[in-house]
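Trainee: Chains as they are written, first to last, in full-length UniProt numbering: chain P, 1 to 367; chain R, 1 to 435; chain G, 1 to 280.
Any given hint might turn out to be false.
Quick list of in silico lysine-lysine cross-link-like pairs, DSS-like style, CA-CA up to 27 Å [unchecked claim]:
1. G/Lys177 to P/Lys99
2. R/Lys30 to P/Lys326
3. G/Lys177 to P/Lys296
4. R/Lys150 to G/Lys201
5. P/Lys25 to G/Lys201
6. G/Lys209 to R/Lys117
7. R/Lys117 to G/Lys268
8. P/Lys355 to G/Lys264
9. P/Lys277 to R/Lys43
10. R/Lys277 to G/Lys239
11. G/Lys107 to P/Lys355
12. G/Lys201 to R/Lys116
13. P/Lys277 to R/Lys30
14. G/Lys264 to P/Lys28
15. P/Lys25 to G/Lys233
16. G/Lys201 to R/Lys112
17. G/Lys201 to P/Lys296
18. G/Lys244 to P/Lys326
19. P/Lys296 to G/Lys239
20. P/Lys220 to G/Lys177
21. P/Lys296 to G/Lys244
22. P/Lys25 to G/Lys234
23. P/Lys58 to G/Lys239
24. R/Lys277 to G/Lys244
25. G/Lys233 to P/Lys58
26. P/Lys326 to R/Lys260
27. P/Lys118 to G/Lys222
28. P/Lys326 to G/Lys264
29. R/Lys30 to G/Lys201
I should point out that these hints are in silico values taken from the structure, not numbers from a laboratory.
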Amino acid sequence: MSDAPKAPAPAGRAAAKKELPEHLKAYKHVWTFVEQERGQVHPVSWELLGAGRELANKLRVDLAAVVVGEPGEATQAVVREAFCYGADLVYLVADDLLKDYRNESYTKALTDLVNVYKPEILMLGATTLGRDLAGSVATTLLTGLTADCTELDVDAEGSLAATRPTFGGSLLCTIFTLNYRPQMATVRPRVMPMPERVEKPLGRVIEHPLGLVEDDIITKVLSFLPDRDSSKSNLAYADVVVAGGLGLGSPENFQLVRQLASVIGAEYGCSRPLVQKGWVTSDRQIGQTGKTIRPKLYIAAGISGAIQHRVGVEGADYILAINTDKNAPIFDFAHLGVITDAVRLLPALTEAFRKRLSPNQRDRLAS
Amino acid sequence: MIDERFDAIVVGAGMAGNAAALTLARRGLKVLQLERGEYSGSKNVQGAILYSDMLEKLVPDFREDAPLERHLVEQRFWMMDDNSHTGLHYRSDDFNEERPNRYTIIRAQFDKWFSKKVQEAGATVLCETTVTELLQDARGKVIGVRTDRKNGQVAADVVVLAEGVSGLLGTRAGLRDRPPPDKVALAVKEMHFLPSETIEARFNLRGDEGAVIEAVGTISHGMTGMGFIYSNKESISLGIGCLVSDFEKSGETPYGLLEKFKQHPSVRPLIEGSEVKEYSAHLIPEGGYKAVPQLYGDGWVMVGDAAQLNNAIHREGSNLAMTSGRLAAEAIFQVKSRRDPMTKENLALYKKMLDDSFVMKDLKKYKDMPELLHIQSQNFFLTYPQLVSKAMSNFVRVDGTPKAEKEKKTFRSFIQARSWSGLFGDAFKLARAWR
Amino acid sequence: MHIVVCMKQVPDSAQIRVHPVTNTIMRQGVPTIINPYDLFAIEEALRLRQQYGGEVTILTMGPPSAEDSLRKALSFGADRAVLLTDRFFAGADTLATTYALATAIRKIGAEFGPPDIVFTGKQTIDGDTAQVGPGVAKRLGLLQLTYVSHINSVDLENRMIEVERRAEGGVQTLRSKLPCLIAILEGVNEIRIGSLTDALKAARAEVVKWSAQDAGVEDITKCGLRGSPTIVKKVFAPKPRAEKAELLELGEQPGEALIEELFKRRPKLESELEKLSRGY
Ligand SMILES: Cc1cc2nc3c(=O)[nH]c(=O)nc-3n(C[C@H](O)[C@H](O)[C@H](O)COP(=O)(O)OP(=O)(O)OC[C@H]3O[C@@H](n4cnc5c(N)ncnc54)[C@H](O)[C@@H]3O)c2cc1C
Ligand SMILES: Cc1cc2nc3c(=O)[nH]c(=O)nc-3n(C[C@H](O)[C@H](O)[C@H](O)COP(=O)(O)OP(=O)(O)OC[C@H]3O[C@@H](n4cnc5c(N)ncnc54)[C@H](O)[C@@H]3O)c2cc1C
Ligand SMILES: Nc1ncnc2c1ncn2[C@@H]1O[C@H](COP(=O)(O)O)[C@@H](O)[C@H]1O
Numbered sequence: 001m002s003d004a005p006k007a008p009a010p011a012g013r014a015a016a017k018k019e020l021p022e023h024l025k026a027y028k029h030v031w032t033f034v035e036q037e038r039g040q041v042h043p044v045s046w047e048l049l050g051a052g053r054e055l056a057n058k059l060r061v062d063l064a065a066v067v068v069g070e071p072g073e074a075t076q077a078v079v080r081e082a083f084c085y086g087a088d089l090v091y092l093v094a095d096d097l098l099k100d101y102r103n104e105s106y107t108k109a110l111t112d113l114v115n116v117y118k119p120e121i122l123m124l125g126a127t128t129l130g131r132d133l134a135g136s137v138a139t140t141l142l143t144g145l146t147a148d149c150t151e152l153d154v155d156a157e158g159s160l161a162a163t164r165p166t167f168g169g170s171l172l173c174t175i176f177t178l179n180y181r182p183q184m185a186t187v188r189p190r191v192m193p194m195p196e197r198v199e200k201p202l203g204r205v206i207e208h209p210l211g212l213v214e215d216d217i218i219t220k221v222l223s224f225l226p227d228r229d230s231s232k233s234n235l236a237y238a239d240v241v242v243a244g245g246l247g248l249g250s251p252e253n254f255q256l257v258r259q260l261a262s263v264i265g266a267e268y269g270c271s272r273p274l275v276q277k278g279w280v281t282s283d284r285q286i287g288q289t290g291k292t293i294r295p296k297l298y299i300a301a302g303i304s305g306a307i308q309h310r311v312g313v314e315g316a317d318y319i320l321a322i323n324t325d326k327n328a329p330i331f332d333f334a335h336l337g338v339i340t341d342a343v344r345l346l347p348a349l350t351e352a353f354r355k356r357l358s359p360n361q362r363d364r365l366a367s
Numbered sequence: 001m002i003d004e005r006f007d008a009i010v011v012g013a014g015m016a017g018n019a020a021a022l023t024l025a026r027r028g029l030k031v032l033q034l035e036r037g038e039y040s041g042s043k044n045v046q047g048a049i050l051y052s053d054m055l056e057k058l059v060p061d062f063r064e065d066a067p068l069e070r071h072l073v074e075q076r077f078w079m080m081d082d083n084s085h086t087g088l089h090y091r092s093d094d095f096n097e098e099r100p101n102r103y104t105i106i107r108a109q110f111d112k113w114f115s116k117k118v119q120e121a122g123a124t125v126l127c128e129t130t131v132t133e134l135l136q137d138a139r140g141k142v143i144g145v146r147t148d149r150k151n152g153q154v155a156a157d158v159v160v161l162a163e164g165v166s167g168l169l170g171t172r173a174g175l176r177d178r179p180p181p182d183k184v185a186l187a188v189k190e191m192h193f194l195p196s197e198t199i200e201a202r203f204n205l206r207g208d209e210g211a212v213i214e215a216v217g218t219i220s221h222g223m224t225g226m227g228f229i230y231s232n233k234e235s236i237s238l239g240i241g242c243l244v245s246d247f248e249k250s251g252e253t254p255y256g257l258l259e260k261f262k263q264h265p266s267v268r269p270l271i272e273g274s275e276v277k278e279y280s281a282h283l284i285p286e287g288g289y290k291a292v293p294q295l296y297g298d299g300w301v302m303v304g305d306a307a308q309l310n311n312a313i314h315r316e317g318s319n320l321a322m323t324s325g326r327l328a329a330e331a332i333f334q335v336k337s338r339r340d341p342m343t344k345e346n347l348a349l350y351k352k353m354l355d356d357s358f359v360m361k362d363l364k365k366y367k368d369m370p371e372l373l374h375i376q377s378q379n380f381f382l383t384y385p386q387l388v389s390k391a392m393s394n395f396v397r398v399d400g401t402p403k404a405e406k407e408k409k410t411f412r413s414f415i416q417a418r419s420w421s422g423l424f425g426d427a428f429k430l431a432r433a434w435r
Numbered sequence: 001m002h003i004v005v006c007m008k009q010v011p012d013s014a015q016i017r018v019h020p021v022t023n024t025i026m027r028q029g030v031p032t033i034i035n036p037y038d039l040f041a042i043e044e045a046l047r048l049r050q051q052y053g054g055e056v057t058i059l060t061m062g063p064p065s066a067e068d069s070l071r072k073a074l075s076f077g078a079d080r081a082v083l084l085t086d087r088f089f090a091g092a093d094t095l096a097t098t099y100a101l102a103t104a105i106r107k108i109g110a111e112f113g114p115p116d117i118v119f120t121g122k123q124t125i126d127g128d129t130a131q132v133g134p135g136v137a138k139r140l141g142l143l144q145l146t147y148v149s150h151i152n153s154v155d156l157e158n159r160m161i162e163v164e165r166r167a168e169g170g171v172q173t174l175r176s177k178l179p180c181l182i183a184i185l186e187g188v189n190e191i192r193i194g195s196l197t198d199a200l201k202a203a204r205a206e207v208v209k210w211s212a213q214d215a216g217v218e219d220i221t222k223c224g225l226r227g228s229p230t231i232v233k234k235v236f237a238p239k240p241r242a243e244k245a246e247l248l249e250l251g252e253q254p255g256e257a258l259i260e261e262l263f264k265r266r267p268k269l270e271s272e273l274e275k276l277s278r279g280y
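Just need the whole structure built from these sequences, with the hints factored in.
Mentor: Now the structure itself:
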């Protein structure tokens, strides 16, 4: 919804949920798009299958995974995995032209599938690929698309209720796509929990042709330069995250966060102002406009816990907050809190952990 | 220097600058107004009191579309000590009149509206454009300005300096001295946001009614200063200001004072549960009449805070600013329409008009007040408030002491704190300074 | 070359306040700004103009007050500003927005020459969907290049363009054709300060204002609230966690004490951290 902040629609219209037009009644089942490049599946895809499972159960329909890629073992492996993460069936478009992501070819593949097999709900990850693809698919199909959902549910009439942040994250809104199908939504990585992987046999796979030749596709991929792993933080998927905020007072003090992180083998992150001040690189920002995390333990030092930060960390199993202000909002959602100067506590904590945890720490730090 | 030249350049889009630019443009002059901020008022976050009369002279029907917060029906003066205040409240339904006399405004919004009027009048307004220097010819005549933009020099017949209290340009060009620390106050201010219903309940207001609290006493730790609380629609402007020199002497920090003011038992309940959004510090000229510098010269005039035109006693500034801006513009127009050059002699007309207006008359009336309050600050801002509170407490507390004794006690406490002569002296000086 | 930049005026969300009781927005005095992401699009367009010559047109759909932001865009040095404003556009979601913008861009093409490149920002800070760009591209049949971090070259003769695009886990170098739509990545450049002459021009420029009809909208039902398949049914505040954090008093050895308390409450964590600290 580009025009958010947009007032709730007048009750009259929102209520006016007439019978679904005949030609849309045919739309059934829940689909999730499995995002893969070079056999590498983006974990958000499995998270979406988890969420899709629940929707499908509520609607008593099938859950399908959509796999698009180049023919061959890598893609086949992805298809098999999809079943293990709960798909009832898989729609597959395999073609050499789909080796790299390109908007034209992927949009064609996905819109064709929708037009032929008619899902009622279609979910994609809110990644660079997913956002690029969802936007053009929804426009081609002239249907509604709700971006960056934090919660998905179905209401009594079986319509998709997609909840997302609005007004710069200070509020949430629930959005419906009435009288249009499919109902499309994107969800950011880590917002939904990762479902259990259960070994399953290969199920029903429906193959569909792409129906393009290279010359139909104007955009060419000249090269792909993978990120150097060092430059890429694994923040979103880390089991333990230590983060610091403005309360640390200086870039030097932020080192205390990094030191603790390295001692306990955690990833480090920060609140937005530190990125804006240039103390920390943007890939380390946690929150609404940064990364969403779901670690087993989240340690926040000198972070007030503004709503935009909160939405990024609420998925954590356990939150420990260090803050000098006992009224800081972070204590409203943290589990454990210490009211003290983080700049003093962090080194003590680091030292204590170093002693407590495996001794070979020292060498690792030295090196 | 760009080819295009202007009749007048106005530096600054505050109250004074806008009044000047508006009047000049209405009079058909080719005006360029330059403002440092992102928009007019963006550098002016303070909530303020607007005086209708001076604005009506510029925009008679301003009430139709100006962003006004509340019209004032109640004025409270508080004399505070650390945990009590003695108040004088004046509230009158007469203020609920057809065309109310005073409003609270939020400068950021009001100035923006004001600036729209200036543009509609035909002036060219450039924001995010800082004037870095006055261009002067060999004989010191001001002939234009240099801005911080690429090839940013532009010429004009006259430059109106409405740059506010800092007055950097005027100072750099040697047209005025930087005001000494005992002639300017540093005011710090916060905006506390609350639902309008809450504000109305706490200040006992209906609809668009508003109230103002002005407070002196121990909150300023014996420095010459005062605290203020304005009720806006959905926010409360709250702040405190003291002479810069006092801050320097006492080593107090403005923010520390503000925190203390907010914690005062009489203030805290008013802002409880509010969301603080803006924090701003701003200087206020306090020197009064004696501090007013040379106001005009070859190719330039100085208006508003830049010219120290501020009535500290009544804490009026924007109306002096508006009036001085308007009069300067009128003077320039008259000189121009006589086809005379913008020389010092000719621009003296502005000073004359200002002298005949309330601006100079008021400033003159209080010319001794600033010094008095400053020199005697210990007494006026510390001793007396404490004594008064003690007296009040004595008066209202019922503890079996005979009333006569109470009065003696109060009386004695005054004498002890301040000798007979001292007391009378202060009273006398105060009275005289007021005349 | 003719470049159209889609720019939106947005409320400065940092300043938005929520009514503690009714959870409605307290709009009073919330300033509006140019969507920060769009500044990168504007600057990139101006740089291309410097390099290859041509014109830059800024397009905004929004309320009449959006004229301020357009004027500001002009002061950076843009040649033309078009404001698409009409009550019929109110309450548009991305699909309706892309319809209006696409229609206006066609009209711009007819009036001032067909665009070679349409720029958008990565996303807005209010809508925050990153959908409008792709939508506009689709409706205009433009090639779509999103998350573009660098424009390597534009070949006007052969109508070719080469860009770097931030993809998942790496950077793609793409060659595509003009006309195309580029959603530029943030942080790739820094918006300039226009010269005094630019600023003067901007202050006096006529902002082109189009109603739905002026812009050549044929089907009004495709606009605004009516043209929006998505419906916002309710707006609400996130519910607070049931219980607040348990606050600890740490004694002499705060580090050790804290670890104790932590592991007491989350026994599993100890072994987890053991593993992690060893680096796997
Ligand atoms: C549209 C939008 C999107 C945003 N997206 C994000 C986002 O993705 N992520 C994000 O984080 N923010 C985001 N923000 C910003 C967010 O609103 C807050 O401004 C920000 O999270 C505050 O960062 P902070 O907690 O580090 O700083 P502050 O809010 O200033 O908090 C500092 C805290 O440190 C405490 N403190 C001070 N000294 C010490 C000390 N010595 N020891 C311990 N504690 C101390 C203070 O009590 C205070 O609670 C966004 C804002 C907007 C408007
Ligand atoms: C906290 C506080 C509360 C106040 N309350 C009241 C009140 O209730 N009632 C009242 O009447 N008065 C009040 N005043 C005083 C009043 O605000 C000023 O007297 C009035 O704003 C003076 O207007 P001005 O135009 O002279 O200066 P300003 O309003 O300060 O305007 C100066 C403008 O010039 C711009 N500028 C400065 N230098 C340059 C440059 N080099 N190039 C381009 N632009 C430049 C600035 O950005 C600014 O916008 C208060 C002041 C303060 C600090
Ligand atoms: N109302 C609008 N007018 C002009 N451009 C817009 C508008 N809404 C969105 N855009 C453009 O589309 C981009 C993505 O917006 P969004 O999909 O809302 O995140 C923005 O960066 C703008 O460039």
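Trainee: Give a verdict on every hint.
Mentor: Evaluated hints:
1. G/Lys177 to P/Lys99: 20 Å, holds
2. R/Lys30 to P/Lys326: 58 Å, violated
3. G/Lys177 to P/Lys296: 47 Å, violated
4. R/Lys150 to G/Lys201: Within the cut-off at roughly 14 Å; holds.
5. P/Lys25 to G/Lys201: Measuring from Cα to Cα gives roughly 56 Å; hence the hint is violated.
6. G/Lys209 to R/Lys117: It holds: about 21 Å lies between the C-alpha atoms, which stays within 27 Å.
7. R/Lys117 to G/Lys268: 68 Å, violated
8. P/Lys355 to G/Lys264: 18 Å, holds
9. P/Lys277 to R/Lys43: 22 Å, holds
10. R/Lys277 to G/Lys239: It holds: about 23 Å lies between the C-alpha atoms, which stays within 27 Å.
11. G/Lys107 to P/Lys355: Answer violated: lysine 107 of chain G to lysine 355 of chain P is near 70 Å, above 27 Å.
12. G/Lys201 to R/Lys116: 17 Å, holds
13. P/Lys277 to R/Lys30: 43 Å, violated
14. G/Lys264 to P/Lys28: 49 Å, violated
15. P/Lys25 to G/Lys233: 22 Å, holds
16. G/Lys201 to R/Lys112: 20 Å, holds
17. G/Lys201 to P/Lys296: Violated, because 57 Å separates the two Cα atoms, which is more than 27 Å.
18. G/Lys244 to P/Lys326: 11 Å, holds
19. P/Lys296 to G/Lys239: 22 Å, holds
20. P/Lys220 to G/Lys177: Given that 27 Å is the threshold and the Cα spacing comes to 10 Å, the pair holds.
21. P/Lys296 to G/Lys244: Judged against 27 Å, a Cα distance of about 19 Å means the pair holds.
22. P/Lys25 to G/Lys234: Distance ~26 Å between lysine 25 of chain P and lysine 234 of chain G Cα, so the pair holds.
23. P/Lys58 to G/Lys239: Judged against 27 Å, a Cα distance of about 24 Å means the pair holds.
24. R/Lys277 to G/Lys244: 25 Å, holds
25. G/Lys233 to P/Lys58: Within the cut-off at roughly 21 Å; holds.
26. P/Lys326 to R/Lys260: 19 Å, holds
27. P/Lys118 to G/Lys222: 23 Å, holds
28. P/Lys326 to G/Lys264: 23 Å, holds
29. R/Lys30 to G/Lys201: 15 Å, holds
Violated hints, listed in ascending order, are 2, 3, 5, 7, 11, 13, 14 and 17; each of the other numbered hints is respected by the structure.
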